[in-house]
Amino acid sequence: MATVSLQDIRKSFGKTDVIHGVDIDIADGEFIVIVGPSGCGKSTLLRMVAGLETVTSGEVRIGDRRVNEAEPMARDIAMVFQNYALYPHMSVFDNMAYGLKIAKTPKSEIEARVAQAAKMLQLEPYLQRKPRELSGGQRQRVAMGRAIVRKPAVFLFDEPLSNLDAKLRVQMRLEIKALQRELGVTALYVTHDQVEAMTLADRMVVMNGGVADQVGAPLEVYGNPQTTFVAGFIGSPPTNFLSPALLGQQGDGQIGIRPEHMAIDPEGALQGTVAYAEALGAETLVHLRAADGTQVTVRQDAAHAIPAEGSAIRVGWQDGAMMRFDAAGRRV
Amino acid sequence: MEKRVTFKGIWLPLLLVLPQIVITAVFFFYPAGQAIWQSLFIPDPFGLSMQWVGLGNFEYLLGDRYYRASFVTTAIFSILVTVVSMGVALYLAVLADRLIKGSGTYRTLLIWPYAVAPAVAGVLWLFMFNTRVGVVTWYLGQLGYDWNHVLNEGEAMGLVVVASAWGRISYNFLFFLAGLQAIPRSVIEAAAIDGAHFWTRFRTIVWPLLSPTTFFLLVVNIIYAFFETFGVIHTITSGGPQQATTILVYKVYADGFVGQDLGSSAAQSVILLFVVSILTVIQFKYIERRVHY
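As they're listed, the protein sequences go chains U and E.
Heads up, the first sequence is in UniProt numbering, so the first residue is 1 and it goes up one at a time.
Heads up, the second sequence is in UniProt numbering, so the first residue is 1 and it goes up one at a time.
Accuracy of the hints is not assured; some may be wrong.
What the hints assert, rightly or not - Looking from chain E toward chain U, a few residues come up when the C-beta cut is under 10 Å (computed): (1) G87; (2) Q181; (3) A191; (4) H197; (5) T204.
Said to hold, decoys possible - If you want a taste of the chain E side facing chain U, the calculated C-beta under 10 Å gives, among others: (6) A96; (7) R98; (8) G102; (9) P184; (10) D194; (11) I205; (12) P208; (13) S211.
Unchecked claim - Here are the computed lysine-lysine pairs in the BS3-like style, where the Cα-Cα straight-line distance is at most 30 Å: (14) U/K130 to U/K177; (15) U/K15 to E/K285; (16) U/K104 to U/K151; (17) U/K130 to U/K101; (18) E/K101 to U/K130; (19) U/K167 to U/K177.
These are calculated hints, taken from the structure and not from any lab test.
We put the beta carbon where it would ideally sit given N, CA and C, even for glycine.
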C-alpha cells in the first residue's frame with residue numbers, strides 16, 4: 001500500500017520529446033486510469049513508474065521514496081502487460097511463484113500464497129498447465145495472479161484487456177475492479193478505451209500528445225471537460241462541435257454539445273438534413289448534416305420516431321448543455 | 001489452420017521433389033552405396049582386381065590401436081570446437097542483443113569470418129602461429145613461451161580447434177542473436193519486475209527459451225566438427241604430430257588417398273556414417289525432450 005506521486009515528469013527519446021511534464025498525485029488505495037489515444041505517451045508514463053524506462057526529468061515517488069534511479073525490482077510494484085508476458089516454459093504455478101522463489105520465500109508460504117491467488121482467480125484446475133494450453137481470459141488471470149502473490153504496494157496495468165474479445169473484456173473489467181477493492185492496492189491502469197476508464201477509475205487522467213489534459217473523477221471529466229480533446233475523447237458517440245456562427249452567435253472558438261443532450265425539436269436552434277440513422281435497439285443515433293456541412297449526431301431513445309433519411313429536421317437542447325471552448329481548445 | 005497443399009495426381013508433386021531426390025541420389029546414396037560395397041573388399045595396389053573379405057576390413061580397423069585413438073581424438077576435437085564456438089557466439093550475441101546504437105555494424109563485422117573458407121582460415125591461423133615467422137609465436141616467445149604445434153600435440157589440437165571454431169562463431173552468433181531477439185521484451189521485463197537480476201533472468205528465462213536454437217546449433221556444429229573441419233586440419237597439421245589431430249574424416253582421406261588402402265578407407269566411411277546417424281538419433285530423441293518449443 002503506498003501513494004504514488006509524479007512531479008513534472010518529462011521524457012525524450014533522443015531529440016523527440018514524448019512527455020512534456022505530467023503531475024499526478026495518487027492517494028493510497030486509489031484506482032487511477034490513464035486514458036488517451038495511441039501515441040499520447042500513456043504507456044511510456046506507466047513504464048517510467050515501473051522503472052522500465054528512464055525518467056528524463058522530474059521525480060517519481062512511491063510511498064515517501066524517490067525511485068527515479070531504483071531498479072524495477074526495488075520499487076515494490078507488480079505489472080500486468082498487454083500481451084500478459086507469461087513465462088511460456090513454466091506452468092501456471094511456476095509463473096505465479098517465480099517472483100516469490102527469487103525472493104527466497106519459504107516453500108510452504110509460496111504454496112499458500114499461490115493457492116490463495118489461484119482460488120481468488122478461479123485458476124485452481126489449471127495450476128499445472130503451460131500458458132499455451134490456456135485461453136486468453138485464463139492467461140489474463142495468470143498475469144493478475146502473478147501480480148497478486150507478491151503483495152506489491154502498487155499495481156500497474158498496461159492495456160491488460162485489449163487482447164480479449166468484447167464479452168470477456170466486460171467480465172474481466174468487473175473482476176479487476178472487484179479485486180483491487182478487495183486488496184486495497186493502489187493501481188495505475190493504462191488504456192485507450194474510454195469505457196474502461198469511466199467504469200474503473202476513481203480518478204482518470206486524460207492524456208493528449210504527452211500532456212495530461214485533465215485529471216478528475218470520471219463523471220466530473222465527462223460532465224465538465226476542460227478541453228475540446230477531452231470533450232471529444234470521453235463519451236460515445238463523441239461530442240458535437242459547432243461553430244458559434246452556425247447558431248447565430250458572436251465570437252470564435254467552438255461550442256460542444258453531447259449527442260445525448262440533443263433532441264429532435266421543431267422549435268430547435270439547429271437545422272440539418274438527416275444523413276442516416278443507426279438504430280442500435282435501446283437507442284438510435286441520428287446523423288445530420290448542418291447548413292455549413294458540420295456532422296452532428298443526435299442520440300435518442302428508441303421510443304422516439306426515427307426521421308426519414310434526407311428529411312430536414314431541427315434539433316434543440318437545454319442551455320446548460322452547451323460547452324464553450326476558445327480558439328485554443330480550452331474551456332471558457 | 002491447415003496450410004498443406006493437396007495435389008490431385010502423383011506426377012506434379014513427384015516432379016517438384018525430383019531435383020532434390022536426384023541430388024540426394026547422385027551425391028549421397030550412390031557414394032554411400034559405393035562405400036558400403038567397397039568396404040567389403042580389398043583391392044590390389046594397382047586397382048585391377050578386388051578380393052572379397054567380408055567384414056575383414058572392419059575387423060582389422062576395430063583391432064587397430066591408431067583407429068581407436070582417432071575416435072578419442074575426434075570426440076575431444078568435436079566437443080572442444082562445439083563448446084568454444086557456441087560459447088563465444090552466445091556471449092557475443094548476449095552483448096549484441098543489449099546494444100542499441102551501432103548494432104548493425106557490430107553484427108556485420110561479426111559475420112565476416114563466416115565468409116572465409118575453412119582451408120583459407122587454416123592458412124591464416126597457420127601464418128599467425130607459424131613456428132618460425134608467426135606473429136603470435138613471436139609474442140609468445142617474448143613472454144617466454146616456446147610455441148611449437150609441429151611437435152607439441154596439445155598445442156596442435158588447440159590450434160586446429162581455435163581455427164575451426166573461429167569461422168563458426170559467426171554462424172552461431174547469427175542464430176543466437178535471432179533467438180534472443182525472438183524472446184518477447186515484455187517477458188524479460190516481467191522477470192525484472194519479479195526481482196530477477198541479469199544472471200537469474202538468463203538462467204531461468206532466456207536460456208530455456210533459447211533452447212530450440214541451442215539444440216539446432218548443437219546438431220549442426222557437431223556435424224560440422226566431424227566433417228567440414230577437414231580443410232583446416234589438412235592445411236595446419238595434416239593430422240600430426242603423431243596423429244594427434246587425425247580425426248575420423250581425416251583418417252579416411254589419409255588411409256584411402258595417401259595410404260592407398262581403399263578397402264579400409266571405405267570401411268571407415270561406413271563407420272563414420274553409422275556414428276553420425278547414432279549421434280543424430282540420440283540428439284533428437286533425448287535432448288529434444290528437454291527443449292521448450
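Outcome of the hint check:
1. G87: At 22 Å from the nearest chain U Cβ, E/G87 fails the 10 Å test, so the hint is violated.
2. Q181: The hint is violated - E/Q181 has no Cβ within 10 Å of chain U, the shortest such distance being about 16 Å.
3. A191: With Cβ-Cβ at 7 Å, under 10 Å, it holds.
4. H197: Holds, because the Cβ-Cβ distance from E/H197 to chain U comes to roughly 8 Å (cut-off 10 Å).
5. T204: Status holds, d = 8 Å.
6. A96: Constraint on E/A96 not satisfied, violated at 21 Å.
7. R98: 15 Å, violated
8. G102: E/G102 check fails; min Cβ-Cβ to chain U is 14 Å, beyond 10 Å.
9. P184: 7 Å, holds
10. D194: Holds: closest Cβ of chain U sits about 4 Å from E/D194, inside 10 Å.
11. I205: Given a least distance of 6 Å, the restraint on E/I205 holds.
12. P208: 5 Å, holds
13. S211: OK, holds: E/S211 within 10 Å of chain U, min 8 Å.
14. U/K130 to U/K177: Judged against 30 Å, a Cα distance of about 27 Å means the pair holds.
15. U/K15 to E/K285: 53 Å, violated
16. U/K104 to U/K151: Within the cut-off at roughly 15 Å; holds.
17. U/K130 to U/K101: 18 Å, holds
18. E/K101 to U/K130: 36 Å, violated
19. U/K167 to U/K177: 16 Å, holds
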